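Asks: The lines below spell out each chain.
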Amino acid sequence: GENVEQHPSTLSVQEGDSAVIKCTYSDSASNYFPWYKQELGKRPQLIIDIRSNVGEKKDQRIAVTLNKTAKHFSLHITETQPEDSAVYFCAPSLYGNKLVFGAGTILRVKS
Amino acid sequence: GAVVSQHPSRVICKSGTSVKIECRSLDFQATTMFWYRQFPKKSLMLMATSNEGSKATYEQGVEKDKFLINHASLTLSTLTVTSAHPEDSSFYICSAPPGGRVYGYTFGSGTRLTVV
Numbered sequence: 476g477e478n479v480e481q482h483p484s485t486l487s488v489q490e491g492d493s494a495v496i497k498c499t500y501s502d503s504a505s506n507y508f509p510w511y512k513q514e515l516g517k518r519p520q521l522i523i524d525i526r527s528n529v530g531e532k533k534d535q536r537i538a539v540t541l542n543k544t545a546k547h548f549s550l551h552i553t554e555t556q557p558e559d560s561a562v563y564f565c566a567p568s569l570y571g572n573k574l575v576f577g578a579g580t581i582l583r584v585k586s
Numbered sequence: 111g112a113v114v115s116q117h118p119s120r121v122i123c124k125s126g127t128s129v130k131i132e133c134r135s136l137d138f139q140a141t142t143m144f145w146y147r148q149f150p151k152k153s154l155m156l157m158a159t160s161n162e163g164s165k166a167t168y169e170q171g172v173e174k175d176k177f178l179i180n181h182a183s184l185t186l187s188t189l190t191v192t193s194a195h196p197e198d199s200s201f202y203i204c205s206a207p208p209g210g211r212v213y214g215y216t217f218g219s220g221t222r223l224t225v226v
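In the order they appear, the protein sequences are chains S and H. FYI, the numbering for the first sequence is 476 to 586, going by our numbering. FYI, the numbering for the second sequence is 111 to 226, going by our numbering.
Since the hints were derived computationally from the structure, they do not count as laboratory data. All figures in this text were calculated on a predicted structure; none of them were measured in a lab. Take every hint as true, because none was put in to throw you off.
Per the computed footprint, the stretches of chain H lying under chain S, defined by three or more beta-carbons under 8 Å from a beta-carbon of chain S, are: (1) 154-160; (2) 201-211.
Think about it this way: if two alpha-carbon atoms lie no more than 20 Å apart in a straight line, the pair counts; the simulated PhoX-like pairs of lysine-lysine are: (3) H:Lys152 - S:Lys512; (4) H:Lys152 - S:Lys497; (5) S:Lys533 - S:Lys543; (6) S:Lys517 - H:Lys152; (7) H:Lys130 - H:Lys176; (8) H:Lys165 - H:Lys130; (9) S:Lys533 - S:Lys497; (10) H:Lys165 - H:Lys176; (11) S:Lys532 - S:Lys543; (12) S:Lys546 - S:Lys497; (13) S:Lys532 - S:Lys546; (14) H:Lys151 - S:Lys512; (15) H:Lys124 - H:Lys176; (16) H:Lys151 - S:Lys517; (17) S:Lys497 - S:Lys512; (18) S:Lys532 - S:Lys497; (19) S:Lys497 - H:Lys151; (20) S:Lys497 - S:Lys543.
Ideal Cβ positions, reconstructed from N, Cα and C, are used throughout, including at glycine.
Using the sequences plus the hints, can you model the full thing?
Replies: So, in structure tokens, the structure goes:
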């Protein structure tokens, strides 16, 4: 099955700085690479995703880059704001199959 | 967009009792539903996959007799925690996979179960 590692486990940045979270996976069949943001007691919220035929995708301050050869993908948040503080999960999968979540990264944006 | 309605959002029950959690797809048909459990400050762990019209598939280590999953129709999947114990206290959340016109995974709002 899929083995997912996510780093770092916690990340503190100053408001306005950039944050990068990396996710490494093992199953070469995975073709869907989402990032979720979860606030305390809430459901995970999809913030960006990428399919395996694309190397990078950007949506305003958020971007995801994929290296299928090395089996890792990363979340990039620029110009961080206090409201970006949350737990972030990667969840690579074969699209339509179960999501396998990483351990999560606690992002703290200090103002 | 697609919506999965999950109820109850919070429940407190006594040890030894059973609790049923429902997930309904409101504007689409969900032939499959994934059920996750999340302990405080931990990740979401898949417990089982329910499929309409067939038996659920449980992940290794999940007791099928304790966590009863039923996919009664194309819009309803339920998880029943039987003979609940304090260690079953957790956040339970369902998720429907993409399909048809639905892109991406649709999550319920979650159920906070506390067993006292």
